[in-house]
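Peer 1: What follows is each chain in one-letter form.
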Amino acid sequence: MSLFFQVILDGLWAGLLYGLIAAGLSLIWGVMDVLNFAHGDFLMVGMYVSFFLGFLFKADPLVSWVASGIFLFLFGMLTYKLVISRILGKAMAPLLATFGLSMMVKNLVLNRFSPNFRILESTILEGRSFMVGDVIVPLPQFVTSLFALAVLGLLYWMLTRTRFGWAVQATALDGEAARLMGVNTEKIFLLVFGIGGACVGIAGGLLPSYLATHPDVGTLFSLIAFMIVAMGGFGSVPGALVAAVMVGLIESLAGFYIGPVYKYIAVFGIYLVVILIRPKGLFGW
Amino acid sequence: MDYKKLLSKFGWPLLLVALAALPLAGLVGPGFSSHVLITVLLTAAMAQAWNLIGGYGGQVSFGHSVFFGIGAYGAAFAVCVGKTSPWPGMIVGAVLAAVTAVIVSYPCFKLKGHYFAIATFAVVEIFNRVFMIWDWVGGAVGLDYTILEDGWRNFTWSVDKRGYYLGALVLFALVFTITRVIERSRFGYYLRAVREGQETAESLGVNSTGVKLTAMALSAFLAALCGAFFAQYNFRVDPPMVMSLDMSMKFVLVAILGGIGTFWGPLLGALVLIPLQEYSRAYLAKLGSGVDLIIFGLIIILMMVYQPGGILGILTGSRKRQARLRARLAAEGGAK
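Residue numbers (the numbering used here), protein chains in the order written: chain U, 1 to 285; chain D, 286 to 621.
Okay, chain D solo, but in the shape it has when bound (with noise of 0.2 Å):
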């Protein structure tokens, strides 16, 4: 059998299985190792969420951590000014945020290149300063969370995490098969072929701003349910944490250094890129502050220099290299 075919016709099914049934094997509980998991899952649904509009799209945003930090006030608000359950606030979080992608990118989908990433650096620099002053939301002090019961209502778990490594499985699920449908959807070849070149796209037919405003409306909705979920998990929001360049940037690197504009790509980053940081981050801190950060810099910067298609690139360039050794193998035996 092909295990190409199988793989891509059942792989995505059976690996959510396989999540799903992990606490059911007893093998998520309050650990470290369950948070990891945790920020594992969470971390892949942010970068897909990205991919859409960055990778598949090619509008490559720094802006996701103002759509993220909107889903995160949601929740927040939701919790701590209107003392509700968080979902309503997650919802209306959600929902602004892809309003706010609309507004914001209509305008800068005209910059190419560099001046649209620096334009979308200067929309995270405003949202976070108004943010900081506006005391309606927590101002700088941000919203902390007061003690809540533990269940779904309150999306809260104070000890044990198998709650949220659930919550963080249904969001997974839910961005990864949104992309999945995207991707082999007509409206995934209208956005890829806007990517390739928007001219010849448009020539055809495609309405390229309809499409990409689509896919950013879309990539920001999941990007703030991401973000509310994030607020549920730390009891707390504030601008630096949820609306910075440094989180925006986590966006774009776990989706390029897993392999930008694929459907495993992120998975593939998040899995690598989080528990190295997170372990380095346990396990250096008596070498001094900063250590797991200069790691993280450093293989940055070793991946963009010697593999800039991504772990997906060392995956699938490492087979291409064994079927051209085969391939070159059975040439010479043929010879002889």
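One chain only, chain U, in its complex shape (with noise of 0.2 Å):
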């Protein structure tokens, strides 16, 4: 019975991992209707930016969150001025050209700092854990969860409490209107845009306390985050959060008990299952 809590558990530990990758992805979707396809990029650029954080200046993925969060905040809003603001709103042309960055980005970071694995060693974090009864809650991952709810309880609040979050939920509904009732549309885009790099960007800070980062990292984690958001309904957070955490069990579950060759193959398979007798999602409308 043990054994099977922990496999639980951990589901629920890689789940609110992907929800946390998820949330900037999702917000981006819901505000603007754009499938950002670099969102794994993003991701790997934020685990970059942490990991030589904590190699050069022995800054640890527990404070560097913040930095790559913030970098991360910027180079969303450098997309959203460079490529995105002039081709939104044209079908397919945003998610081929984030297409593109991705690529640029992937084999950019891979000409520079070669596709060797680089995992950071002696972090605070680093192979602790703690008991539960028998079942063992590892640390990091702990921590990371306890971040995505934090983050994703933020969002939330963010865009149903404050004005600035009225402001992105007209601009979403409908951009026209909202500009006639004086929001500055544009700006809200962009600040979007960061603000959904910067929710990935602290994931990426905090994931090198436990993953190995390498320019190939984000590919799975963006199709993964894809499927939570399509999954949980569009732009809709408690969406996302659900979704995030049905995929990490139904991950850690079908690795466990048929196999871990199978598991992906579980959650991309039960995705299309949901997404057939839901076409707009869980939480869509």
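No lab work stands behind these hints, which were simulated from the structure alone.
As the structure is a computational prediction, the values presented were derived from the model and not from experiment.
Do not take every clue at face value.
[As the list claims (entries may be wrong)] Which bits of chain U does chain D cover? Going by a derived footprint, with three or more residues having C-beta under 8 Å, they are:
id: 1; stretch: 103-110
id: 2; stretch: 226-236
id: 3; stretch: 261-275
[What the hints assert, rightly or not] Chain D is nowhere near these chain U residues, computed Cβ spacing over 12 Å in every case:
id: 4; residue: M77
id: 5; residue: Q141
id: 6; residue: L149
id: 7; residue: Y156
id: 8; residue: Y210
id: 9; residue: L249
Glycine is no exception: its CB is placed at the ideal position from the N, C-alpha and C atoms.
Two chains, two frames, a set of hints: combine them into the complex.
Peer 2: Quick look at the structure:
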């Protein structure tokens, strides 16, 4: 029985991490209907920022997530200014342009920093864990999960309780009407892309404390984030959280009870079943 | 004479004759430029196959590497496991790809926009992972060809690339001719009508599901033939090589960068992108790995931002500008 709880908890940690990664994607998708294909590469860039801060200046990921969050905030705004703002609303153009961006960023990092896996040694959280009953809780994953809940909660609070959030929601519902009511939608889009970048930057900043950094690390994460957002429903933060935990649990259960090679087949398969039953996602409208 | 009319009537057959004459003129041999030429023809055929459903039908699928991969595995399976000629494998693979396309697309056509795109990502990932662990078709190692006798029976030429060139040309001619026939047929109008407005088309009696599924099946069949050629040309297949999102993206990007939903777009896209990619890979290798892909990515971004109509858009756009300029000059001349 404790083995079962162990598997469930491992799935929960994975799911919350996915939720943290998907949060920014969900926000951007919901507000401007843009699928940022380079989302996983944003994560990878955040991991490199945190890794090099740790490697060169001995900064712990528990501190450097701030730096990579800020870095990705600026990177996101830059992406919006230079690329997205010029092609917003043109069907598949933003998706393909960000695919080009993903290709460029990934290969630039590969070219500069080699394809080697880089592991940050002797971080504060490294290898620590605690026991709940006879279930092991690894500390790095636990801390990341707390961050996921905090970031998603903050995002939800911002969207539903602040004037800025109301303006964002108005823009998402009807950009034209929001503009007529005096909302500077251009500024909203810019900030939303920045905040989306910052969310994934925070995730990337924390990850080096238990995951190796390499140029291709974002690819699978971004696919999973796409599924989570589609499954949760168009720009719904609670939907993304539920879908993320679901994906984490499916992955963990399938990996343990069927076999590790089947876990993503199960995840993608169940995603297809869910999306075909509810084409707009679990919480979509 | 109106050159536009002439071009649309005789341009396509003339191009085929010219391409068929290239080996006779001794311009196709074992060299690198022949490899580039073959890759251009193959990529143009792939992009045009995608264009049938993605461009004319408006269903932007990122799943075509699945069909491409099934075709590639069909040919490779016949050679490596069946120990026979690749031909039966090609045909069976292409039919299987069309059947798979119908089974997968029927439910997925319910989804719209990004939801459809992400569903096709998921389909690719599932097929990729299943083929990775499926030992009967070589698993993660893939299928490696043993040395075969050269010639059409084995569809193999070890040094001289003339055979591959002719094979690619036949494939290219087949895909483009089918597209031309469809483009000008009743079915082609149905397809475009469904793209422009599914409800309107249905209200006029078009069976939109049937039209989309037929186009998807045909598109998958042709994509699978391209895959079979790819396996024969590279002497091996493995899942990341043929069934991956990167391969799917190739279909989409070449068609879109050339000019989506147009007859010449896929050829133009392949003509510009493939030489660029192949030569930059060959000549920029000293700058370290990935430089060709950095340039490729940058070009995709620039094209999407400045020229979403594709390369065809640049050509026709400048012609339109010229016409506008000429009209203005004429008007000013008249005012004087």
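Peer 1: For every hint, state whether the structure bears it out.
Peer 2: Hint by hint, here is what the structure shows:
Counting residues of the stretch 103-110 of chain U whose beta carbon lies closer than 8 Å to any beta carbon of chain D gives 7, which meets the minimum of three for the stated coverage. Only residues whose C-beta sits within less than 8 Å of a C-beta in chain D count toward coverage, and the stretch 226-236 of chain U has 3 of them, enough to reach three; the restraint holds. For a cut-off of 8 Å, the count of residues in the stretch 261-275 of chain U with a CB near a CB of chain D stands at 9, and the three-residue condition holds. Listed as outside the interface, M77 of chain U is consistent with that label: its C-beta sits roughly 16 Å from the nearest C-beta of chain D, beyond the 12 Å cut-off.
In this structure Q141 of chain U is separated from chain D by more than 12 Å, as the shortest Cβ-Cβ distance comes to about 24 Å. Listed as outside the interface, L149 of chain U is consistent with that label: its C-beta sits roughly 25 Å from the nearest C-beta of chain D, beyond the 12 Å cut-off. Consistency note on Y156 of chain U: stated as away from chain D, and its beta-carbon is indeed over 12 Å from all of that chain's, at 22 Å minimum. Distance check on Y210 of chain U: its Cβ is at least 24 Å (rounded) from any Cβ of chain D, clearing the 12 Å threshold; non-interface status holds.
Non-interface status of L249 of chain U relative to chain D is upheld: no Cβ of that chain comes within 12 Å, the nearest being about 18 Å off.
Every hint, counting from the list given before, is met by this structure.
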